[in-house]
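Asks: Residues per chain are reported as follows:
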Amino acid sequence: MFKIAKENLAALFRMIAKNQELYLPVRTAGQVNFAAWSEDAKVDLDTLKSVKSPKDAFFPQSEGLYTVKKEGKKMKVEPENLKDQPFVVFGMKACDVKGLEVLDRVFLSDPVDTFYAARRDHGTVVALACHEPEETCFCKVFGVDAAEGAADVAAWMIEDELYWKPLTEKGDLLTETVKELLSEADEGKVEEEKEAIHRITERLPYMNLSLEGWNGDALSEKFDDPRWEELYKPCLACGTCTFVCPTCQCYDIKDYDTGRGVSRYRCWDSCMYSDFTMMAHGNNRTSQMQRFRQRFMHKLVYYPANNDGMYSCVGCGRCVEKCPAALNIVKVVKAFQNQGGEN
Amino acid sequence: MQELKDRARELLADGTVKRVLGWKIGDLPYNPEPAYFETEESLKDFVYNGFCGANLSKYMIEASKLDGKTMVCLKPCDTYSFNQLMKEHRVDREKAYIAGVGCKGKLDIEKIRKQGIKAIERIEGAGICDEAETLKIQTVYGEKTCAYADAMLERCHVCKGKEHKIYDELIGESKETADADRFDEVAAIEAMSPEEKFAFFQKELSKCIRCNACRNVCPACSCRKCVFDSTKFDSSQKANVDSFEEKMFHIIRAFHVAGRCTDCGECSRVCPQGIPLHLFNRKFIKDINELYGEYQAGEDTGAKAPLTDYTFEDAEPSIVGKRG
Numbered sequence: 001m002f003k004i005a006k007e008n009l010a011a012l013f014r015m016i017a018k019n020q021e022l023y024l025p026v027r028t029a030g031q032v033n034f035a036a037w038s039e040d041a042k043v044d045l046d047t048l049k050s051v052k053s054p055k056d057a058f059f060p061q062s063e064g065l066y067t068v069k070k071e072g073k074k075m076k077v078e079p080e081n082l083k084d085q086p087f088v089v090f091g092m093k094a095c096d097v098k099g100l101e102v103l104d105r106v107f108l109s110d111p112v113d114t115f116y117a118a119r120r121d122h123g124t125v126v127a128l129a130c131h132e133p134e135e136t137c138f139c140k141v142f143g144v145d146a147a148e149g150a151a152d153v154a155a156w157m158i159e160d161e162l163y164w165k166p167l168t169e170k171g172d173l174l175t176e177t178v179k180e181l182l183s184e185a186d187e188g189k190v191e192e193e194k195e196a197i198h199r200i201t202e203r204l205p206y207m208n209l210s211l212e213g214w215n216g217d218a219l220s221e222k223f224d225d226p227r228w229e230e231l232y233k234p235c236l237a238c239g240t241c242t243f244v245c246p247t248c249q250c251y252d253i254k255d256y257d258t259g260r261g262v263s264r265y266r267c268w269d270s271c272m273y274s275d276f277t278m279m280a281h282g283n284n285r286t287s288q289m290q291r292f293r294q295r296f297m298h299k300l301v302y303y304p305a306n307n308d309g310m311y312s313c314v315g316c317g318r319c320v321e322k323c324p325a326a327l328n329i330v331k332v333v334k335a336f337q338n339q340g341g342e343n
Numbered sequence: 344m345q346e347l348k349d350r351a352r353e354l355l356a357d358g359t360v361k362r363v364l365g366w367k368i369g370d371l372p373y374n375p376e377p378a379y380f381e382t383e384e385s386l387k388d389f390v391y392n393g394f395c396g397a398n399l400s401k402y403m404i405e406a407s408k409l410d411g412k413t414m415v416c417l418k419p420c421d422t423y424s425f426n427q428l429m430k431e432h433r434v435d436r437e438k439a440y441i442a443g444v445g446c447k448g449k450l451d452i453e454k455i456r457k458q459g460i461k462a463i464e465r466i467e468g469a470g471i472c473d474e475a476e477t478l479k480i481q482t483v484y485g486e487k488t489c490a491y492a493d494a495m496l497e498r499c500h501v502c503k504g505k506e507h508k509i510y511d512e513l514i515g516e517s518k519e520t521a522d523a524d525r526f527d528e529v530a531a532i533e534a535m536s537p538e539e540k541f542a543f544f545q546k547e548l549s550k551c552i553r554c555n556a557c558r559n560v561c562p563a564c565s566c567r568k569c570v571f572d573s574t575k576f577d578s579s580q581k582a583n584v585d586s587f588e589e590k591m592f593h594i595i596r597a598f599h600v601a602g603r604c605t606d607c608g609e610c611s612r613v614c615p616q617g618i619p620l621h622l623f624n625r626k627f628i629k630d631i632n633e634l635y636g637e638y639q640a641g642e643d644t645g646a647k648a649p650l651t652d653y654t655f656e657d658a659e660p661s662i663v664g665k666r667g
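Protein sequences appear in the order of chains D and P.
According to this note's numbering, the first sequence holds residues 1 to 343 in order.
According to this note's numbering, the second sequence holds residues 344 to 667 in order.
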């Protein structure tokens, strides 16, 4: 266990960024999102949740796959380079770290997504404990401990000091590169902080949400439930919930006509969109009810069915905060328990 | 609120309406959701308070296709949208029973969060009959207060007034909440140099995540199929590409709703990244006012819109006009 004074964090970031890219929460035009560190970036470690999850660092919202160029009578295919340089993501919360586990099971299982795998190989994650969790948080429901992220390095901001604990080999390597700024510390204060966080988590309204009945075997029962016909109605069919989510992993692949060739790219897709999974025969989900149902069935039924019961929601609560129609996964779960409407 | 609930119950009971379109109580103190109530019993979850900011006019496009009338709760500013939708033949007046509900300014949970208030357990003072000027907010981290006016949505600070422009009956009192000039923000941007303007909008719009919430909530964006959803349209569409959001999407959308946008402010309310999208629309409104005379979309259903009504006296503000 190490520590560093808060006032020296700028030096820490500078030192990390000297050798590799560093992504961390930055405030731009009033909002906090993960972005590359620079000398004038307004680093914000106090805001609990970035608007978008840090998933972009490993699975960017849009990325090029390859370009096809015309050269005389021939076509030349130029694949996009895979990530080959190390980088650090600092300040991920425990829920977002768990989100990576969800993405890993999708992208690192056969056939492996090489773009994602290269980023996972080269990325080191420093998790920052949630000093003050909020009412929209429900990470505990998914076995996440807000007080300690299961990352390469776990960190805690306690008063004027950042505590730093490497947990993996990658974490040790990163620690070595910044060791001159760190000093040895004992675990006492961190233990107190963890307990304080746990006490707060107990008081938050969503933390003890019951997921009873939601599992990989509940397919027909949940799919055919008439409640979806009511639940979806306020949905605006926008993609907010899917684009702020740390675990949504669906993407679309498209070609862009550059004039002299074709640029093939992929970009996040949203099951809320009308052209989601559009195929030659048309679309297999023709109504917003079906699209709405898809999102929650995927998180709480289909994904667990394929992944040893693991849910693909991590309880970050971004959808709770951001849905323009005040819908969210918690309300859906509660509606199935007949708990809707309580305040 | 009780009066509104009672009226809803009566109208359902006597068969005047088949359903009520209002808000259902949330599971947090600030997240009621738009909802339909079809039975008297279901009205137990009906709520109307400071957090019912959603403009329900657009939901009436779908409700107009249903059997029988829908009682829809519209705040004064929402009625402009309803009128505009009627003008565009997107909603059916005969299918709506409009309850013009009172409004004393709607609250923005983001503004409360911006003040550092978090882990909210209870909020007092957000009730519609509440005269409180201060919200008392109980949080896990202690009791906080926040002035009602400081927690109001941007649009309420430039409120168009207490008057409902269309209704079948009025329920509840409204309060004047305007305390700023509607065009101040636009004027401040107009005063910037072109470089400053570009930097301002680039910074704001590069936050865009292409969730389309602004478009989907917008009562003026009522096309059955949006060009940006077409699979045949060769643009980046849902791909998040800075240059597209910064230079194309929002500006195309602003042009498309120009002269039809009532300035209901829903685009800015729903933007997850807090982009002040209303500024584009308001710039168009300011220009229309200056070039064609004062015009408020949704004021009525009869007047011809300046941008779709040709006269020989029309201003020619474009380069074409200058060339003669």
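One or more hints might be untrue.
[Claimed, not checked] Capping the alpha-carbon separation at 25 angstroms, the derived lysine-lysine pairs in DSS-like fashion look like this:
1) Lys83/D with Lys254/D
2) Lys233/D with Lys461/P
3) Lys42/D with Lys457/P
4) Lys42/D with Lys461/P
5) Lys42/D with Lys3/D
6) Lys457/P with Lys233/D
7) Lys233/D with Lys438/P
8) Lys233/D with Lys387/P
9) Lys334/D with Lys387/P
10) Lys408/P with Lys42/D
11) Lys546/P with Lys438/P
12) Lys42/D with Lys546/P
No wet-lab data here; the hints were simulated from the structure.
Asks: Sort out which numbered hints this structure fails and list those numbers smallest first.
Replies: The structure conflicts with hints 2, 6, 10 and 11, although it agrees with all the remaining ones.
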